[in-house]
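K.L.:
Generate the whole structure from the sequences, applying the supplied hints.
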Amino acid sequence: MVELTKDSFEQEVHGSKGVTLVDFWSQSCVPCKQLMPDVHAMADRYTGKVKFCSFDIGLGRRVAMKEQVLGLPSILIYVDGEKKNT
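Using UniProt numbering, you'd call the opening residue of the sequence shown number 1 and step up by one each time.
Simulated from the structure, these hints should not be mistaken for laboratory data.
Just so you know, even glycine gets a beta-carbon here, dropped at the ideal spot from N, CA and C.
Treat the hints loosely; a few may be bogus.
Using C-beta positions, here's what the derived DEER-type ranges look like [claimed, not checked]: (1) R45 <-> L70: 25 to 31 Å; (2) G71 <-> K6: 16 to 22 Å; (3) T47 <-> L70: 28 to 34 Å; (4) R45 <-> K6: 24 to 30 Å; (5) K49 <-> S28: 29 to 35 Å; (6) G48 <-> L70: 27 to 33 Å; (7) G18 <-> G58: 24 to 30 Å; (8) P31 <-> R61: 17 to 23 Å; (9) K33 <-> V79: 23 to 29 Å; (10) G58 <-> K17: 27 to 33 Å; (11) R45 <-> M65: 29 to 35 Å.
P.N.:
What follows is the structure, given as structure tokens:
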């Protein structure tokens, strides 16, 4: 699981080839924390097939706004750096 920052998001997600899953969460989001073990289990199961990333919106709200994250938890899928409608 790649822990994203506002500085690494562009390169790690939009500059990535293949399928990338980004889990948007925050420290204060209880449902986010409940979902996290399942996301980590999927990351273990699909290692090498899907790039799994995590982004704490508390560290970069502008990134979340740019990606149109309207609520938490949110999981977005990108293919070759392009966000797909999920």
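K.L.:
Could you run down the list of hints and mark each one as holding or not?
P.N.:
Verification of the hints:
| no. | hint | in the structure |
| --- | --- | --- |
| 1 | R45 <-> L70: 25 to 31 Å | 28 Å, holds |
| 2 | G71 <-> K6: 16 to 22 Å | 19 Å, holds |
| 3 | T47 <-> L70: 28 to 34 Å | 30 Å, holds |
| 4 | R45 <-> K6: 24 to 30 Å | 28 Å, holds |
| 5 | K49 <-> S28: 29 to 35 Å | 32 Å, holds |
| 6 | G48 <-> L70: 27 to 33 Å | 31 Å, holds |
| 7 | G18 <-> G58: 24 to 30 Å | 28 Å, holds |
| 8 | P31 <-> R61: 17 to 23 Å | 18 Å, holds |
| 9 | K33 <-> V79: 23 to 29 Å | 28 Å, holds |
| 10 | G58 <-> K17: 27 to 33 Å | 29 Å, holds |
| 11 | R45 <-> M65: 29 to 35 Å | 31 Å, holds |
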